[in-house]
Amino acid sequence: MILMLLLTQAFLSALSEEPPPPPQHVHVKKWLLTWTPPTAETDLTYTVQSSFHGGKWTDVPICVHMASTSCDVALTAAENEHGCVMLRVQAERRGLKSTPVQACSSQSDSCTPEVSLSARPGFLTIHLSRNHSLAQNHAAHTVYRVHYSREGDTTQLSEDSSSSLTLPQLEPGQRYCAQVEYILHRWSVGPPSCSLCELVPHSGETGTEVNPGVIVGVCIVLFLLMSGTAYVFIFQQRRIKQWLRPPYAIPEDFYCQRHFPISTYSLTEEHLDVITVVIPVERRE
-2 MILMLLLTQA FLSALSEEPP PPPQHVHVKK WLLTWTPPTA ETDLTYTVQS SFHGGKWTDV
58 PICVHMASTS CDVALTAAEN EHGCVMLRVQ AERRGLKSTP VQACSSQSDS CTPEVSLSAR
118 PGFLTIHLSR NHSLAQNHAA HTVYRVHYSR EGDTTQLSED SSSSLTLPQL EPGQRYCAQV
178 EYILHRWSVG PPSCSLCELV PHSGETGTEV NPGVIVGVCI VLFLLMSGTA YVFIFQQRRI
238 KQWLRPPYAI PEDFYCQRHF PISTYSLTEE HLDVITVVIP VERRE
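Following our numbering, the numbering of the sequence shown begins with -2 at its first residue and continues without gaps.
Quick caveat, the hints were computed from the structure, so don't treat them as lab data. Glycine residues also receive a C-beta, built at the ideal position from the N, C-alpha and C atoms. Check before you lean on any hint, since a few could be wrong.
Derived pair list, reagent style DSS-like, types lysine-lysine, alpha-carbon separation capped at 30 Å [unchecked claim]:
1) Lys94 / Lys26
2) Lys27 / Lys94
3) Lys27 / Lys53
4) Lys53 / Lys26
5) Lys53 / Lys94
Derived CB-CB ranges, DEER-like [unchecked claim]:
6) Gly119 / Glu78: 19 to 29 Å
7) Ser224 / Ser158: 40 to 50 Å
8) Glu15 / Arg183: 29 to 39 Å
9) Lys27 / Ala137: 28 to 38 Å
I would like the entire structure built from these sequences, with the hints used as guidance.
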């Protein structure tokens, strides 16, 4: 009877137990996947899963039910045609699994785009490069998929682009975040970039604060350049003219007196035949 009560209590406890929270800060760098435990619990294990080019998620054999918070997945990535693979991690406790968390990469390479953000009033620009290996090998079949949202919002919007993208009509004074991944033939290729956030400024403000020390330094440099230029043109005119004068040497005998022969040749008189003038008869009368 006591045994039945214990079993019943354990069964009810298992039913009421909630799954563990998901891992945090799941990053991949040079195919070393790392993450942070969700809580201070010590009885959690982790399983890493991979997906190739839109395929189903499968367990990575060397990263199943492990207590460690890192896993080398280089061999798994090498099995793909493009050397890229998507990754995710989920925590597990006594058969209960957490929501899987997809890994992102903060290092750009042939599998993850290089991303930077800039903002101006009402707009956010996601700077992307068209010069990457997937575009060179697959041309228009490769695009960027940009996921963006206002910081704190759970709903993300997505838009495909072949180059840098500007998002219009954003609310000033709010931070917006973006995450980008490669898409080949409508399927994700590798880990997306880690989320980047930028503040959209109000009108009259700039998205990036300028250090006052930088402004002072630039002003000092400009003042020194202008002062130096004025000094050179005012007090060094003669030297500048000497530098600009073309090299020329006067021949040594330039001033010597020279005697040039004077020609006494004259034209001889030309001997001409006298032509008799004939007057018509009519004019004689």
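Holds or violated: are the alpha carbons of Lys27 and Lys94 at most 30 Å from each other?
Between Lys27 and Lys94 the Cα gap is close to 27 Å, so the pair holds against 30 Å.
Under the criterion that the straight-line Cα-Cα distance not exceed 30 Å, is the pair Lys94, Lys26 satisfied?
At roughly 25 Å apart (the allowed maximum being 30 Å), Lys26 and Lys94 satisfy the hint.
For the pair we were handed, Lys27 and Lys53, check the Cα-Cα distance against 30 Å.
holds (23 Å)
Holds or violated: 19 to 29 Å for the Cβ distance of Gly119 and Glu78?
violated (42 Å)
Looking only at beta-carbon atoms, does the pair Glu15, Arg183 fall within the given range of 29 to 39 Å?
Cβ of Glu15 to Cβ of Arg183: about 37 Å, so the range 29 to 39 Å holds.
Is it true that Lys27 and Ala137 lie within 28 to 38 Å of each other by Cβ?
Given about 30 Å between the Cβ atoms, the range holds.
Take a look at whether the Cβ-Cβ distance between Ser224 and Ser158 falls inside 40 to 50 Å.
holds (49 Å)
Would you check the hint for Lys53 and Lys26, treating anything up to 30 Å between C-alpha atoms as holding?
holds (23 Å)
Please verify whether Lys53 and Lys94 have alpha carbons no more than 30 Å apart.
Between Lys53 and Lys94 the Cα gap is close to 18 Å, so the pair holds against 30 Å.
In terms of the numbered hints stated before, the structure departs from hint 6 and from no other.
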